[in-house]
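In case it helps, mature numbering (1 follows the signal peptide of the UniProt record, and there is no 0) puts the sequence shown at residues -21 to -1, 1 to 305.
Read the hints as simulated data drawn from the structure, not as lab findings.
Mixed in with the good hints there might be a few duds.
Keeping only pairs whose Cα atoms sit at most 30 Å apart, straight-line, the calculated DSS-like set for lysine-lysine is [as the list claims (entries may be wrong)]: (1) Lys239 - Lys48; (2) Lys30 - Lys95; (3) Lys276 - Lys304; (4) Lys151 - Lys169; (5) Lys257 - Lys243; (6) Lys30 - Lys257; (7) Lys226 - Lys154; (8) Lys281 - Lys304; (9) Lys257 - Lys239; (10) Lys239 - Lys17; (11) Lys178 - Lys257; (12) Lys66 - Lys257; (13) Lys182 - Lys151; (14) Lys66 - Lys154; (15) Lys17 - Lys30; (16) Lys66 - Lys304; (17) Lys66 - Lys17; (18) Lys154 - Lys17; (19) Lys169 - Lys66; (20) Lys154 - Lys178; (21) Lys281 - Lys239; (22) Lys281 - Lys226.
Using C-beta positions, here's what the derived DEER-type ranges look like [as the list claims (entries may be wrong)]: (23) Cys7 - Lys182: 47 to 57 Å; (24) Asp26 - Lys95: 34 to 44 Å; (25) Asp18 - Lys66: 18 to 28 Å; (26) Ile9 - Pro266: 38 to 48 Å; (27) Thr222 - Asp26: 43 to 53 Å; (28) Lys276 - Glu56: 28 to 38 Å; (29) Lys182 - Glu56: 24 to 34 Å.
Where a beta carbon is used, it is the ideal one built from N, C-alpha and C, also for glycine.
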Amino acid sequence: MRALLMSICLLGILLGTSAMAAQEKASCDIPACPDYSKDISWAARPDSPDKPVDVFYVYPTIYPGTCPKNMDVFNTELRADVQGLLKAQAGVYSSSANLFAPYYRQVSFACLDPLKDMTLNSYFRIGADDVHRAFDHYLSFLNHGRPFILASHSQGSVVMLDLLRSRFHDPKLQKQLVAAYVIGFSVTDKDLQAYPWIKPAQKANDTGVVISWNTQAPGATGSPVLRPGAICINPLTWTTYETPADKSLNLGAVFFDDFKGTVKREVPHYTGAQVDTKSGALVTTPPDELELGHFPKGVLHKFDYAFWYRNLEQNVRDRIDAYLKQ
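Based on the provided sequences and hints, a complete structural model is requested.
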């Protein structure tokens, strides 16, 4: 009898362990694929676009988990975080353009290795391929021939650069592109050489160009997003040379609670900026001690939009006006 009871107990333990392992594996499986023909797969998709220009926006890394390794686009809390970012970042575009923003299965922050090419990460490709499919659906069914802006930050900008590299050799897409704001990741000289249709902005109102910067304090090192040969434009002067731009040119920094999308404070003339042509960084000395998140000291990646918010908002209007007058 004792042997029988022991066998039953062991069987129960084995079955329980097996069930737990199966449950853990299920929770770590690749999340369900978004269907971009359905509203639920879009963070923003206007029913009746009323502006002459669109913006296709890809949000930055918000998902920190390790199991699964990709964001579940149907997770209620994560969807709410994306909605906050639509106000904290995409608001600079949506005041002037119809906002289209897909949910995508971005790779977790925990799975990113800054020393490796992110585009070769199989989990990154899951999210990037989602965005490619969303862009295809947007072009086929939602765009209706309107000119468009591309906009992104951080991991979203890695995805956007991937899209520019692989798709924008098409003259039709080049003609529709007002500008691409690929902020918070490096577009490099090597990109310009390898993909000649990627052209860096040189002034405030050129069109069909890529705008990019990575913000950091003087002397900062260890940025995972600043690569050798990075291009940079100063968002206070819209020039690429090293002459410092005084804070008087800053129309207003806007600080958000990013995931709630609520404004915490707005500060006109917050800080100046200078392009460091050696490193490719946008250098600034903010007047406040700021919480930097997971980034090294002086790497102000988190504030690539916030510091220059009103200048960026104005520039979007300027480039749209220039495009429509062509």
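Each hint, compared with the structure:
{"no.": "1", "hint": "Lys239 - Lys48", "verdict": "holds, 24 Å"}
{"no.": "2", "hint": "Lys30 - Lys95", "verdict": "violated, 40 Å"}
{"no.": "3", "hint": "Lys276 - Lys304", "verdict": "violated, 44 Å"}
{"no.": "4", "hint": "Lys151 - Lys169", "verdict": "holds, 24 Å"}
{"no.": "5", "hint": "Lys257 - Lys243", "verdict": "violated, 34 Å"}
{"no.": "6", "hint": "Lys30 - Lys257", "verdict": "violated, 40 Å"}
{"no.": "7", "hint": "Lys226 - Lys154", "verdict": "violated, 35 Å"}
{"no.": "8", "hint": "Lys281 - Lys304", "verdict": "violated, 34 Å"}
{"no.": "9", "hint": "Lys257 - Lys239", "verdict": "violated, 37 Å"}
{"no.": "10", "hint": "Lys239 - Lys17", "verdict": "holds, 25 Å"}
{"no.": "11", "hint": "Lys178 - Lys257", "verdict": "holds, 20 Å"}
{"no.": "12", "hint": "Lys66 - Lys257", "verdict": "violated, 34 Å"}
{"no.": "13", "hint": "Lys182 - Lys151", "verdict": "holds, 23 Å"}
{"no.": "14", "hint": "Lys66 - Lys154", "verdict": "holds, 28 Å"}
{"no.": "15", "hint": "Lys17 - Lys30", "verdict": "holds, 22 Å"}
{"no.": "16", "hint": "Lys66 - Lys304", "verdict": "holds, 28 Å"}
{"no.": "17", "hint": "Lys66 - Lys17", "verdict": "holds, 22 Å"}
{"no.": "18", "hint": "Lys154 - Lys17", "verdict": "holds, 28 Å"}
{"no.": "19", "hint": "Lys169 - Lys66", "verdict": "violated, 33 Å"}
{"no.": "20", "hint": "Lys154 - Lys178", "verdict": "holds, 13 Å"}
{"no.": "21", "hint": "Lys281 - Lys239", "verdict": "holds, 15 Å"}
{"no.": "22", "hint": "Lys281 - Lys226", "verdict": "holds, 19 Å"}
{"no.": "23", "hint": "Cys7 - Lys182: 47 to 57 Å", "verdict": "holds, 48 Å"}
{"no.": "24", "hint": "Asp26 - Lys95: 34 to 44 Å", "verdict": "holds, 41 Å"}
{"no.": "25", "hint": "Asp18 - Lys66: 18 to 28 Å", "verdict": "holds, 19 Å"}
{"no.": "26", "hint": "Ile9 - Pro266: 38 to 48 Å", "verdict": "holds, 45 Å"}
{"no.": "27", "hint": "Thr222 - Asp26: 43 to 53 Å", "verdict": "holds, 46 Å"}
{"no.": "28", "hint": "Lys276 - Glu56: 28 to 38 Å", "verdict": "holds, 30 Å"}
{"no.": "29", "hint": "Lys182 - Glu56: 24 to 34 Å", "verdict": "violated, 42 Å"}
This entry does not satisfy hints 2, 3, 5, 6, 7, 8, 9, 12, 19 and 29, going by the numbered hints stated previously.
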